[in-house]
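**Q** Sequence:
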Amino acid sequence: MNALKGADPSVSQTMLDLDPMEQLLQQTVVAIATTYQADCALWVGLEEPLGQRIYSIRAGQHHSAEQNQTARVEIAAAPVVLPAWMVEQRRSPHLTQLDSGDLVVPVVWSLLFHPSSPPNAPGMLQLLLQLQRPEHSTAAPTAAPASNRWSTDDVTALTAQSQELGLLYSALYCHQRLHQSRQQIALLGRVAQLLNSSLETDAVVEQIIAELGQSLGCDRCFLIRLREQQANVMSYWEVPDQDLPPTNPDVLEQVPWRAVEEAFVQEGVSYLQVPAVTPGLVTPGLDVEPTADLPVIDLEIDSLHACLNNLEATSALIIPVFIQAEFFGVIGLLSYQPLPAYRLEELQTARQIADHLAIALTNAQHHPQLWQRHDALRLRNLPLQGHPLRDELTQLLNREALDRELEHLSSRALWTVQPPFSIIFCDLDYFKLINDTHGYQTGDIILQNLAQRFQKHLRQETPAYRYDGEEFVVLLAETTVSHALDVAERLRLAIHASPVETSSGPIAVTASFGIAHQDPSRDRDAYSVLHRAEQALRDAKCQGRDCVNVL
707 MNALKGADPS
717 VSQTMLDLDP
727 MEQLLQQTVV
737 AIATTYQADC
747 ALWVGLEEPL
757 GQRIYSIRAG
767 QHHSAEQNQT
777 ARVEIAAAPV
787 VLPAWMVEQR
797 RSPHLTQLDS
807 GDLVVPVVWS
817 LLFHPSSPPN
827 APGMLQLLLQ
837 LQRPEHSTAA
847 PTAAPASNRW
857 STDDVTALTA
867 QSQELGLLYS
877 ALYCHQRLHQ
887 SRQQIALLGR
897 VAQLLNSSLE
907 TDAVVEQIIA
917 ELGQSLGCDR
927 CFLIRLREQQ
937 ANVMSYWEVP
947 DQDLPPTNPD
957 VLEQVPWRAV
967 EEAFVQEGVS
977 YLQVPAVTPG
987 LVTPGLDVEP
997 TADLPVIDLE
1007 IDSLHACLNN
1017 LEATSALIIP
1027 VFIQAEFFGV
1037 IGLLSYQPLP
1047 AYRLEELQTA
1057 RQIADHLAIA
1067 LTNAQHHPQL
1077 WQRHDALRLR
1087 NLPLQGHPLR
1097 DELTQLLNRE
1107 ALDRELEHLS
1117 SRALWTVQPP
1127 FSIIFCDLDY
1137 FKLINDTHGY
1147 QTGDIILQNL
1157 AQRFQKHLRQ
1167 ETPAYRYDGE
1177 EFVVLLAETT
1187 VSHALDVAER
1197 LRLAIHASPV
1207 ETSSGPIAVT
1217 ASFGIAHQDP
1227 SRDRDAYSVL
1237 HRAEQALRDA
1247 KCQGRDCVNV
1257 L
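For the sequence shown, the numbering used here assigns the number 1257 to the last residue and increments by one with no breaks.
It is possible that some hints are incorrect.
[To be verified] Each computed BS3-like pair below joins lysine-lysine, with the alpha-carbon atoms no more than 30 Å apart:
#: 1; residue 1: K1162; residue 2: K1247
#: 2; residue 1: K1138; residue 2: K1162
#: 3; residue 1: K1138; residue 2: K1247
Read the hints as simulated data drawn from the structure, not as lab findings.
Modelling step: build the complete structure from the supplied sequences, incorporating the hints.
**A** In structure tokens, the structure reads:
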């Protein structure tokens, strides 16, 4: 460390202190600003295609050595459009004084960390110090021209200090990258285990979203399904035990996602990183050469920035999800801290996680009908007497069994991808009058007879449920409205066709039916479909009974 002889001791101590990366960078900015009585800006992450940021502090705003040295350092994303002198530095790093008097000291990668680089290749810009000494500074001659504010000793010392900063930064950077690579491998392994687990699809999706949010260090992570001009939050996670601005996940459904969808579908964008304060939507930086995997795009979506500001978030990373080349929705990661510097490897890992999510959703999309048939057969094969999922009187499935099936159909992973289903709601006409006239024993015989007629006129795998009293529900998977109407009409005629033989003599019975077909654009879950079928039944009663009504 001979190069630091004669410099302020705090600079040397900071250079020697192998604290985490953030502390190293912030303390370095404070130490150099203190030593040279200058405004100091440290451009960081220049070796990466994304996430460049600036650590800055103004002369006289730093704290003393006894106080917290990092408290006054400001951290901001580098501008989308770089100044001309920075563009020149990216092409050919070199120490220079600008016309404004700013001293620019670049730090380039050592070939020690890039052994594959050609021997005569120019160094890759890693860090860059930008210092401006105010005219009133005691370290500068009074009213000195801008070009004379830096002495030869200053330049020599800063050059040596920047070289040592580069070595420490390189060591920490490589250590950090190795640690991140191990974390990403572990993350992909955990996600693969989830895909191979026996968990329900909803649970798998929720855990994947949580794993991604934790691994990328964001504050909130969510999965949005975009379909038929509607957005639906399928999964939502936020970092626990943090004082985050309150927000309702439903608010995310109001974000103008259609403009984002166009960017992914029409422009082929791989992801979007949206800073809240920047007027444009950019991915990645405009100074990066586009590749087949990471195209550059610049979109003006003021409403998206307004929504981000309303959520009080600092930035958002948005990743598309495709299922078999068809756009499904987006994963969003919200941050409430300084703009995170996502590295290329992290973004690629996030894309892989999105692909894993697509696999889970594909399984849910292609196999729900198989699961439903298997479950229906399992329920039918339960012992007929005394089982809690069977109604004791009619031996049809009971309301608890219906609730289980509706909860399964309402799972977020299935709701918008499963083949549409229909629900038939049935109610016997004037059943209370039958009970009052002939007694409850006769009423029970009629209910048993009705259940037998249901079972005779429904396919074996079609589940029928006793809902409540004289009310019954039939659940038709993968069924159109017209087919459901045919089934309901067949059941109505079967009940109307012949009277029920009882101890009180033959009793004519009729029933009314209501039908609802799943519509993800209007129904929030399977219970919404059930309630619409119940309303259709009430309408059928008003229309004269012994009829079928569709809502």
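**Q** Are any of the numbered hints broken by this structure? If so, which, sorted upward?
**A** The structure breaks none of the hints.
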